[in-house]
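Chains A, B and C, in that order, are what the protein sequence lines are.
Okay, so the first sequence: first residue is 1 according to the working numbering, each after it adds one.
Okay, so the second sequence: first residue is 181 according to the working numbering, each after it adds one.
Okay, so the third sequence: first residue is 424 according to the working numbering, each after it adds one.
Everything labelled a hint here was simulated from the structure, so no lab data went into it.
Some hints here could point you the wrong way.
As the list claims (entries may be wrong) - Restricting the straight-line Cα-Cα distance to at most 25 angstroms, the calculated cross-link-like pairs of lysine to aspartate or glutamate (DMTMM-like) are: (1) 76/A x 1002/C; (2) 47/A x 1028/C; (3) 828/C x 624/C; (4) 133/A x 261/B; (5) 528/C x 1002/C; (6) 79/A x 300/B; (7) 142/A x 1009/C; (8) 142/A x 261/B; (9) 883/C x 865/C; (10) 440/C x 776/C; (11) 997/C x 3/A; (12) 133/A x 865/C; (13) 133/A x 144/A; (14) 309/B x 1028/C; (15) 906/C x 850/C.
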Amino acid sequence: MAEKLKIATTSLGGCFGCHMSFLDIDERIVDLVDIFQFDRSPLTDIKHCSEYVDVGLIEGGVCNSENVHTLREFRKSCKVLVAVGACAINGGLPAMRNFVPLEECLAESYLTGEGIVNPQIPSDVELPLLLDKVHPIHELVKVDYFLPGCPPSGNAFWRFLTDLAAGQTPTLPYGLVHYD
Amino acid sequence: MSKNTLTIDGKPVQFKEGETIMEAATRAGIYIPHLCHDPELEPQGNCKMCEVKVNGRNCSACTFPAAEGQKVLNNTKELNENRRIIVQMLFVEGNHLCPGCEKSGNCKLQAIAYSVGMMDYRFPLIYPKREMDSSHPDILLDRNRCIFCEMCVRAGREVDGKDVFAISGRGIGNHLIVNSPSGLLKDSQLEVTDKAANVCPVGAIIIKRHGFEIPIGQRIYDNKQIGEVSVATEKVLEEKIHG
Amino acid sequence: MTWSESKQEKVLTIVCKHEKRQTRLLQILREVQEEFHCVPRYAIEIVAAELGLSRTKVEGVVQFYSLLSLEQQGRFHILFSDSITDQFQGSRKLMDYMSAKLGVKPGQTRSDGKVSLGFTSCTGLCDQGPAGLVNGHWISRLNESQIDRIVDMVEREVPVSSWPLEFFHVEDNIQIPGLLLQSPIEQGEALKQSVRQGFDEIFIEVTRSGLRGRGGAGFEAAWKWRFCAEGPEDYSGLSLVGRNERYVVCNADEGEPGTFKDRILLNSNAHQVIEGMTVCAGVVGAKQGFIYLRGEYYRLRPKLEAILANRRANNLLGKSILGRNGFDFDIEIHMGAGAYVCGEESALIESLEGKRGVPRVRPPYPIDRGYLDQPTVVNNVETFAAVAAIAAYGGAWFATHGTEKSKGSKIISISGDCERPGIYEYDFGISIAEILMDCGAENTLAVQVGGPSGGVISGKEYHRKLAFEDLGTGGSFMIFNKKRDILEIVRNFTHFFAHESCGFCTPCRVGTTLLKNQVDKICDGHSTALDLVGLTSLAKFIKTASHCGLGQSAANPVLGSLSHFPQAYKDRFKDVVFEPGFDLDESLETARQMSLRDDPWAHLEQ
C-alpha cells in the first residue's frame, strides 16, 4: 500500500465547530485513517506541521498575530490548503467586530465595560495582538480550495476528502454546499 | 418556425408582441437567473444576473424586448461564470453572514450562489458599515444585507401605492432610505401585508417573529435548486398577470 | 421641529421661482445649497411638499450629486480639481499647504463654519491648472502666494463677489484654430440660410456633411435627427402634423477629465452653438431646447443667459423666429451638480427631469422616448457649433475636410506635459505625432486619447490618426512625459470611475471599487504576479457586464496600460507567490499602542 497522505488541521479565529462537524463523519474516520495520517491538529496535539503535509484544513478567520503565524506555517507546509467554514471564507461572526473600531472593542472589554475591576489592557508578550480587522484567510495567503458551511456537514467533509484522496477535484453535490 | 419565435439555447420559444426575453422564457418554463426581477413589477435590469447573449451581444433578459428570430444564449459556461462573479460581488459588497440570518435557506442570493457553485468570495471583502432599523413593530430592515435590487422600492410604488423606500447616495455609497419624517421604518406607512415588506430576495427586509420557523433541511432551497422553484412559481404568476 | 420663518421663506421663494415644477428639482436644490451651504433636512421637507414629491426622492437627488450636500459646508467652500494633470502640477501639495494654513482637512468643514475644503473631479481647466472652485467659481493657476491671498480673504470673510477679478480669470487658450474656430458664423447667418432654403434642404445638407456626434460615440447626427423627427408615432417622413413634442438638448456636461473645448465654445462661440440648436429644432420640429451645463461651468451661465436674451430680442429665439410662422423655439439652461455619468445621454435626460442621473434602460432610445418620454435629440456642444456652420456654408464645405469616415474637424483639449497646452483644432486624419510636435511635447511616455474612458497609446503608435475609424476622442488629449509613473495615472483614473459610478448596476457599482482597491494594492507595492490574473479578469468582466458606457469604459485604463506598459506592473511585483492587500504590521498598531507594547512579537512581517 502506498504511503498515507498527511493531513493537518487547525482553528484560527473560529469556534472549533468545524472540527466537531468533521468528527460527524462518525465511524468513517476509521476508513479515513487508512488513507490519511494526521499531522499537526488538535486531534493529535502535534504542535507544528511536518516539513511536508499534503492537505491542510483551516477553520476560522485571521483575528490576531498568532493566527497570521499559524496560517503561514500551514501555507508553507501544506501542498493543498483548504479554507473550511464561514469564518475562514468570509471572517464569519468574529468579523462582526469589523464594524466597531478596535479601540472601542478593547476599551469596552478591558477598561470601561460593566463589572471591570482593575481596568487595564493585557500586555503580556505571550499574548497575541489583535489585528484592527478580522480577515478571511484568502486575503493573507493563496487558498486552493474552499469548503463552505457553518459548519460544513460531516458528509461534506467526507466527500471533499475522499475526492481529494482519489486525485479528483473535489465537487460537492447540491445539498452539501451551504453557507449556514 | 412560426411567427414570434426566438430560441433560447437552441430551444424554440414563442413570445407575444411587446414581451421581454425574460417574460417569454418564464412562460416557456425556462429559468434565467435573476435577483431584481418579479413578474408583478416593472423590470429595471440592475442586478445583471439575467444577462444573456442575444445574437452575440450581452443584454439584460428582463428588459430587452423579444424579437423574431433572436438567438439567445442563457445557460452557457461563460454566462454562468459571469453570474458567479456577480454573486461574489454582492457578497463582498455587503455583510452577508448567512449563519446568523433568518433568511438563510430561503434567500435568493444564496440560492443562486449555490446553483452557480460559488465556493469562495474571490475578492477582498469590503465590510461596509451600514445601519439597521428595528423600530417597526413587525418588520426589520437590516441594510447590511441589501443588494440594491430596488424590488421594495418598486413594490411600494407600483403595487402598494406607498412610496416607502428609495435609493440614496451614489455608487458604492448607495443606501436604502425610508420615507418617514424620522427616517425610521416605524414612522412610515409600511405594513406587514405590503408587497414591499415581503418582496426582498435577501434578508434585508424581514417580517419579525417568523425566524427559523422551518427547520434546516426543509427550507425552500435546501434541496431544490432555485431554477426549479422559480419556474414553478413565476410561470403561474407571469400567466396570471400578462395573460 | 422648527425652522425660522425667514429661512422657510427663502426656500419657498426658490421653489416658486421655479414654478414648483418637478423637473426643476435639481435647479431648486442647487440654489438651496448656495443659500444655506448645504441642503438642510427642513428644506427637503418643504421642497418635497411643494413639488408633490416624496422626501426620499428629494434626498436621493441631494445625495447623488457631489456638489450638493446634506452636511453643512463652509461659507467658503473650496474644491481642488483632482484630475491627474492637476495632480502632476502639484495640486495635492497645494491642498496640504492650504489645509495647514486654514486648519481644516480636505473633506471637512472648519468648526467655525467659515470654510470647508475638498477634492472634486476635473473642473475643465486642465490647461491652466492647478485649478479648482471657490463657491462654484473657477480659480486657476494656483500657487502658494495666491493661496496666501485666498486664505487671507477667507479669514477676513471677503465675499467672493468682491474678490479681485484676476482670481477668476480663465483664458480661452486657443493655440491652433481650424475649420470651425477660424470661420465662425455671423449671428443669425445659419438661421437665415435655413429659412431661405427650408429645413428639409438643411437636413439634406447635414446629411451630406457626414457630421458625426462630437461627444465621443460618433453617431451620425443626421440619423439621430431623422429618427427623432419621425418619432415612434409617425413614420411617414418629416411631416410635422399631429405629433408629440420634440426636444433638443445640448450636452454641455463636459466631464471627461482633460476635456475643456466646450468651455471655449460656450465662452466665445455660444451664439453659434445656440444657432446650431435652433437649426436642429427647425428640422425636427422642437419647441423647447435645453443646455445642460455642467455644474463646474457655473461661471459661464450669466454670459449664456445674456446671449439667450439677446437672441430673443433679435427674433432668433422665441415665437415665429425670423418671422416664420410656427417656427417657435426657446432654450432653458439647466445646471448639473457634479455627476460625470450625466454626460451619458439618458442619464442626462433623467437629470434634466430633476432626478438622479441614472442611465436608462435602452431601448427605447432618447430619439424615441427621451425627455418626458418624448422624442429628443441630444448632441454635443461642438456638434451644434458644426451644425450652424454647415447650415451657413453647406454640407459639401464641411465634407471636403477630414477623412472618408470622419468628415470635418475636431477640436481637442491638450493638457499635461507639453510647452503649449490649450485648444487645437485639426481636420480629422491628423497624426498624433504632428499634434505632439505642434504643442511642444517632448520625451513623451504616453498619450491618453479621449480621457480616462478612452485609450492610452505609447511611442510606437504616434503615427496613428485622430479619426473615428482609428483614435476617436470626445476632445481630451492628455500628454505624459517619461518622468511620469503610468501606474499613478491608472490609479487616478480608476479612482475617478469608482467615485463617479452611479451605483445602479452590480458590475460597475461593486466592480469599480474592487478595481480601485486592486490598483491601490499594486501601487502600494503589495502585489504579486498572481494579482495580475485577478485584475485582468475583473477588468474584462466590468467592461462586458456593465449597464452603460461609464462601466463599460471604467476598466479601460487598466486594460490599456496592461497591454501597453506590462513592465510597469511587473516592476512593482514582489517575488513571492502571495502578498496581502493591506499592511499587516500597521494593522497591529492600535493594539500595540493600547497595550503599550513594542516587543518583537508585537510586529508582523508583510
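Hints, one by one, checked against the model:
As the CA atoms of residue 76/A and residue 1002/C are separated by approximately 14 angstroms, the hinted pair is consistent with the 25 angstroms bound. Between residue 47/A and residue 1028/C, the direct Cα distance comes to roughly 22 angstroms. Compliance with the 25 angstroms bound is thereby established for this hinted pair. Distance check on the hinted pair: residue 828/C and residue 624/C sit about 22 angstroms apart at the alpha-carbon level, within 25 angstroms; holds. The hinted pair formed by residue 133/A and residue 261/B fails the criterion: a straight-line CA distance of about 30 angstroms is larger than 25 angstroms.
With a C-alpha separation of about 32 angstroms, the suggested pairing of residue 528/C with residue 1002/C is violated against the 25 angstroms cut-off. Using a Cα cut-off of 25 angstroms, the hinted pair residue 79/A and residue 300/B holds, with the two alpha carbons roughly 19 angstroms apart. A distance of roughly 21 angstroms separates the Cα atoms of residue 142/A and residue 1009/C; the hinted pair therefore holds under the 25 angstroms criterion. About 21 angstroms separates the Cα atoms of residue 142/A and residue 261/B, which keeps this hinted pair within 25 angstroms; it holds.
In summary, the hint linking residue 883/C to residue 865/C is supported, as the alpha carbons are separated by about 15 angstroms, within the 25 angstroms threshold. For the hint pairing residue 440/C with residue 776/C, the CA-to-CA distance comes to about 17 angstroms; that is within 25 angstroms, so the pair holds. About 36 angstroms separates the Cα atoms of residue 997/C and residue 3/A, which puts this hinted pair outside 25 angstroms; it is violated. For a cut-off of 25 angstroms, the pair hint linking residue 133/A to residue 865/C is broken: about 47 angstroms separates their Cα positions.
Among the hinted pairs, residue 133/A with residue 144/A is consistent with the structure: their alpha-carbon atoms are about 23 angstroms apart, no more than 25 angstroms. Between residue 309/B and residue 1028/C, the direct Cα distance comes to roughly 29 angstroms. Violation of the 25 angstroms bound is thereby established for this hinted pair. Of the pairs offered as hints, the one joining residue 906/C and residue 850/C is violated, with about 31 angstroms between alpha carbons and a cut-off of 25 angstroms exceeded.
The structure fails hints 4, 5, 11, 12, 14 and 15 (numbered hints given earlier, in ascending order).
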